[in-house]
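Undergrad: Take a look at the letters that make up each chain.
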Amino acid sequence: MLRNIILKTLRDRRRSLLFWGLGFVVLAAIIIAFYPVIRDATFITEYLESFPEEFMALFAGEITDYASAEGFLNGELFFLMYPLLMLVFSIGFGSGAIAGEEERRTLDLLLSNPLNRWRLVMEKFAAMVICTLLLAIVFWATLAIGGAIADMGLNLLRLAAVCFSGFLLAIAYGTVALAVGCSRGKRGLSMGVSGALGVYGYMLNALAPLIDWLEPFQVASPFYYYIDANPLSNGLDPLHAAVLIGLTIFFLVIAIATFERRDVAV
Amino acid sequence: MTDNECVIHTEGLTKLYGKQRGILDIDLDIERGEVFGYLGPNGAGKTTTIRTLLHFIFPTRGRASIFGLDIKQNSLETRRRIGYLPGELEVYDNLTGAELLEFLSHLRGGVDWQYVEELAARLDYDLSQRIKTLSHGNRQKVGLIQAFMNKPELLILDEPTIGLDPLMQQEFYRLIGEVKAEGRTVFLSSHIMPEVERVCDRVGIIREGQLIAVEDIDVLKARAIRRLEIRFATPVSPAQFSDIPGVRDVQVHDNILTCTVAGELDALVKAAAQYQVVNVISHEPSMEEIFLAYYNQEDDSAA
Numbered sequence: 000m001l002r003n004i005i006l007k008t009l010r011d012r013r014r015s016l017l018f019w020g021l022g023f024v025v026l027a028a029i030i031i032a033f034y035p036v037i038r039d040a041t042f043i044t045e046y047l048e049s050f051p052e053e054f055m056a057l058f059a060g061e062i063t064d065y066a067s068a069e070g071f072l073n074g075e076l077f078f079l080m081y082p083l084l085m086l087v088f089s090i091g092f093g094s095g096a097i098a099g100e101e102e103r104r105t106l107d108l109l110l111s112n113p114l115n116r117w118r119l120v121m122e123k124f125a126a127m128v129i130c131t132l133l134l135a136i137v138f139w140a141t142l143a144i145g146g147a148i149a150d151m152g153l154n155l156l157r158l159a160a161v162c163f164s165g166f167l168l169a170i171a172y173g174t175v176a177l178a179v180g181c182s183r184g185k186r187g188l189s190m191g192v193s194g195a196l197g198v199y200g201y202m203l204n205a206l207a208p209l210i211d212w213l214e215p216f217q218v219a220s221p222f223y224y225y226i227d228a229n230p231l232s233n234g235l236d237p238l239h240a241a242v243l244i245g246l247t248i249f250f251l252v253i254a255i256a257t258f259e260r261r262d263v264a265v
Numbered sequence: 000m001t002d003n004e005c006v007i008h009t010e011g012l013t014k015l016y017g018k019q020r021g022i023l024d025i026d027l028d029i030e031r032g033e034v035f036g037y038l039g040p041n042g043a044g045k046t047t048t049i050r051t052l053l054h055f056i057f058p059t060r061g062r063a064s065i066f067g068l069d070i071k072q073n074s075l076e077t078r079r080r081i082g083y084l085p086g087e088l089e090v091y092d093n094l095t096g097a098e099l100l101e102f103l104s105h106l107r108g109g110v111d112w113q114y115v116e117e118l119a120a121r122l123d124y125d126l127s128q129r130i131k132t133l134s135h136g137n138r139q140k141v142g143l144i145q146a147f148m149n150k151p152e153l154l155i156l157d158e159p160t161i162g163l164d165p166l167m168q169q170e171f172y173r174l175i176g177e178v179k180a181e182g183r184t185v186f187l188s189s190h191i192m193p194e195v196e197r198v199c200d201r202v203g204i205i206r207e208g209q210l211i212a213v214e215d216i217d218v219l220k221a222r223a224i225r226r227l228e229i230r231f232a233t234p235v236s237p238a239q240f241s242d243i244p245g246v247r248d249v250q251v252h253d254n255i256l257t258c259t260v261a262g263e264l265d266a267l268v269k270a271a272a273q274y275q276v277v278n279v280i281s282h283e284p285s286m287e288e289i290f291l292a293y294y295n296q297e298d299d300s301a302a
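So the sequences go chain by chain: A and B. Quick note on numbering: numbering that gives the first Met the number 0 labels position 228 of the first sequence as 227, and the sequence is numbered without any gaps. Quick note on numbering: numbering that gives the first Met the number 0 labels position 12 of the second sequence as 11, and the sequence is numbered without any gaps.
Treat the hints as calculated values from the structure; they're not laboratory data. Where a beta carbon is used, it is the ideal one built from N, C-alpha and C, also for glycine. Just so you know, not all the hints are guaranteed correct.
What the hints assert, rightly or not - Coverage of chain A stretches by chain B, computed from C-beta distances (three or more under 8 Å per stretch; other residues unrestricted):
{"id": "1", "stretch": "42-53"}
{"id": "2", "stretch": "98-105"}
{"id": "3", "stretch": "133-142"}
Claimed, not checked - The calculated DSS-like cross-link candidates involving lysine-lysine, where the alpha carbons are at most 30 Å apart (straight line), are:
{"id": "4", "chain 1": "A", "residue 1": "185", "chain 2": "B", "residue 2": "71"}
{"id": "5", "chain 1": "B", "residue 1": "150", "chain 2": "B", "residue 2": "71"}
{"id": "6", "chain 1": "B", "residue 1": "179", "chain 2": "B", "residue 2": "150"}
{"id": "7", "chain 1": "B", "residue 1": "131", "chain 2": "B", "residue 2": "150"}
{"id": "8", "chain 1": "B", "residue 1": "131", "chain 2": "A", "residue 2": "185"}
{"id": "9", "chain 1": "B", "residue 1": "131", "chain 2": "B", "residue 2": "71"}
To be verified - Some chain B residues judged to face chain A by a derived CB distance under 8 Å, without partners named:
{"id": "10", "residue": "55"}
{"id": "11", "residue": "56"}
{"id": "12", "residue": "57"}
{"id": "13", "residue": "60"}
{"id": "14", "residue": "83"}
{"id": "15", "residue": "85"}
{"id": "16", "residue": "89"}
{"id": "17", "residue": "90"}
{"id": "18", "residue": "91"}
{"id": "19", "residue": "98"}
{"id": "20", "residue": "101"}
{"id": "21", "residue": "103"}
{"id": "22", "residue": "107"}
{"id": "23", "residue": "110"}
{"id": "24", "residue": "112"}
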């Protein structure tokens with residue numbers, strides 16, 4: 000597990016990854032356990048529909064329909080909870096990737112080896128991609144198994160599409176965090192900036208459909224490209240996925256370019 | 000001097016941090032096979048120089064080459080041939096020593112593990128201990144092992160003996176001696192004078208970011224100011240000694256003369272020989288005194 004920086008980073012994250020994975024399993028299991036109750040109790044659906052449209056849109060989006068399994072999962076998990084947790088994980092990872100080593104002062108020893116800076120950033124990025132993807136797969140697998148037990152009739156490929164879409168979103172934000180960490184060397188700053196961008200992105204995407212003057216700006220939110228095409232019902236939208244991948248590449252280039260050109264703090 | 004013989008070469012190497020001074024116009028030539036001491040108090044710019052050479056920080060102006068390769072263009076190739084011990088070393092302390100060294104060896108394309116174990120044994124270092132639990136001195140040992148383990152052509156060691164107990168310091172000096180015997184080069188920074196005196200061939204003295212002198216260690220010692228105490232059989236007068244060139248602070252109490260002498264002792268000894276000398280006590284100059292002498296000269300010329 001110490002053959003290279005990717006493996007070393009995975010090794011460092013193994014405990015954190017285990018707890019995150021358990022958390023995702025528990026979350027998925029609890030939500031699915033509620034599904035039969037909510038499906039059969041029409042009064043709950045009616046109760047939820049009695050809320051103002053704005054309120055529901057903010058927390059559950061417009062793709063929610065508690066009568067169907069997909070609508071239920073969209074509202075309960077995929078609109079807010081899943082991307083939120085994925086972002087917390089990836090932003091934490093991205094912020095610490097370079098800036099964490101720098102603040103713990105281990106970067107000098109690392110860079111004294113015959114190792115290009117871009118290579119270091121790429122290996123850290125790869126480790127972030129692997130860990131985040133693992134979480135998405137764990138979440139997908141739990142939902143797939145739970146969905147089968149609860150007889151939700153989910154299309155596993157479409158389920159994979161929305162989990163993967165959330166993974167792409169998380170990587171885009173994680174790469175922003177990586178880039179801020181690479182350019183400024185401050186982990187806290189990186190988490191703050193990326194976290195704030197995450198909240199703005201979410202709010203913009205959730206509120207834009209409800210506010211006339213905001214609506215044209217919805218396409219500026221990464222969250223729009225994650226969920227608006229409703230991948231759980233329609234599969235992955237290649238164009239929307241490409242936007243998220245494009246953002247990731249853009250910020251990865253910025254991360255490398257800034258890190259290559261600056262002094263490393265003592 | 001050709002690039003081949005010159006392992007480290009800097010020209011006007013300067014690093015400025017805003018208003019705070021880094022290093023200013025450092026010109027250095029370190030030859031292959033020598034042990035070079037980079038001497039100065041904390042904050043003088045030793046670490047800044049080293050981190051510039053390793054390309055962690057970029058010079059404001061000036062240039063530097065290692066093994067004849069420009070540090071900017073060939074940073075990767077130079078680092079491949081350098082063993083480095085950071086000052087105030089921090090390592091991944093969730094690993095054991097063996098794990099850390101294994102990780103670093105992979106980054107360097109492998110090392111002779113037998114040599115790692117030999118180094119560990121010589122430094123009395125337990126490879127199986129988690130680094131978190133180690134004392135400062137033992138952490139320093141794992142830092143030294145990783146610097147030496149590749150048998151690099153050039154060792155750059157930032158304050159290498161900090162935290163080492165005297166026995167381990169001796170072992171470290173032996174290691175440096177072996178490196179030198181194999182024709183490899185050592186650049187070490189220090190603020191500990193006896194250490195430099197013990198292992199270095201040449202010394203560069205840095206102060207407030209400027210290299211104020213580069214001398215052979217013997218020259219440095221010879222230029223040193225010595226304190227001398229001469230006991231005569233009969234009282235003497237100070238006037239006969241205070242005019243001798245290089246002799247200062249002449250004091251006479253009855254038949255005991257004390258003074259400081261810069262450079263050669265010959266004139267003083269010959270003057271003293273006119274009287275019956277009972278005893279001569281010479282205080283061997285410490286590096287502190289040599290160092291202070293240099294600093295004072297600088298102050299004098301500045302004033």
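Undergrad: It remains to establish, for every hint, whether it holds in the given structure.
TA: Now the hints, each set against the structure:
1. Against chain B, the stretch 42-53 of chain A contributes 0 residues with a C-beta closer than 8 Å to a partner C-beta. That does not satisfy the three-residue criterion, and the hint is violated.
2. Beta-carbon proximity to chain B at under 8 Å applies to 3 residues in the stretch 98-105 of chain A; the threshold of 3 is reached and the given coverage holds.
3. Given as covered by chain B, the stretch 133-142 of chain A fails the check, having 0 residues with a CB less than 8 Å from a CB of that chain where 3 are the minimum.
4. Our distance criterion of 30 Å between C-alpha atoms is met by residue 185 of chain A and residue 71 of chain B, whose separation comes to about 25 Å.
5. Note on residue 150 of chain B and residue 71 of chain B: the hinted pairing holds, with a Cα-Cα distance of about 24 Å set against a maximum of 30 Å.
6. For a cut-off of 30 Å, the pair hint linking residue 179 of chain B to residue 150 of chain B stands: about 11 Å separates their Cα positions.
7. With a CA separation close to 27 Å, the supplied pair residue 131 of chain B and residue 150 of chain B stays within the 30 Å bound.
8. Simply put, residue 131 of chain B and residue 185 of chain A have alpha-carbon atoms about 24 Å apart, close enough for the 30 Å limit, and the pair holds.
9. Simply put, residue 131 of chain B and residue 71 of chain B have alpha-carbon atoms about 35 Å apart, too far for the 30 Å limit, and the pair is violated.
10. For the restraint placing residue 55 of chain B at the interface with chain A, the shortest Cβ-Cβ distance is roughly 4 Å, inside the 8 Å limit, so the hint holds.
11. A distance limit of 8 Å between C-beta atoms decides the matter here; for residue 56 of chain B the minimum to chain A is near 4 Å, and the interface restraint holds.
12. Interface hint at residue 57 of chain B: satisfied, since its Cβ lies 6 Å from the closest Cβ of chain A, which is below the 8 Å cut-off.
13. Annotation: interface hint on residue 60 of chain B violated; nearest CB of chain A at approximately 15 Å, more than 8 Å.
14. Annotation: residue 83 of chain B was flagged as interfacial toward chain A, and the flag holds, the nearest CB pair being 4 Å apart, inside 8 Å.
15. The closest approach between the C-beta of residue 85 of chain B and any C-beta of chain A is roughly 5 Å, which is under the 8 Å cut-off, so the hint is satisfied.
16. With its C-beta approaching chain A no nearer than about 4 Å, residue 89 of chain B sits inside the 8 Å limit, and its interface hint holds.
17. Here the hint on residue 90 of chain B is kept, as its CB sits about 6 Å from the closest CB of chain A, short of 8 Å.
18. Residue-level restraint check for residue 91 of chain B holds (minimum Cβ-Cβ distance to chain A is 6 Å; threshold 8 Å).
19. The beta carbon of residue 98 of chain B is positioned within 8 Å of a beta carbon in chain A (closest approach about 6 Å), and the interface hint is therefore held.
20. Interface restraint check: residue 101 of chain B against chain A, minimum CB-CB distance 5 Å, threshold 8 Å, status holds.
21. This hint holds: residue 103 of chain B has a C-beta 7 Å from the nearest C-beta of chain A, less than the 8 Å allowed.
22. Using the Cβ-Cβ criterion of 8 Å, the hint placing residue 107 of chain B at the interface with chain A is satisfied: the shortest such distance is roughly 6 Å.
23. About 12 Å separates the beta-carbon of residue 110 of chain B from the nearest beta-carbon of chain A, more than 8 Å, and the hint is not met.
24. For residue 112 of chain B, the shortest C-beta to C-beta distance to chain A is roughly 13 Å, which exceeds 8 Å, and the interface hint is violated.
Against the hints set out earlier in the document, violations occur for numbers 1, 3, 9, 13, 23, 24.
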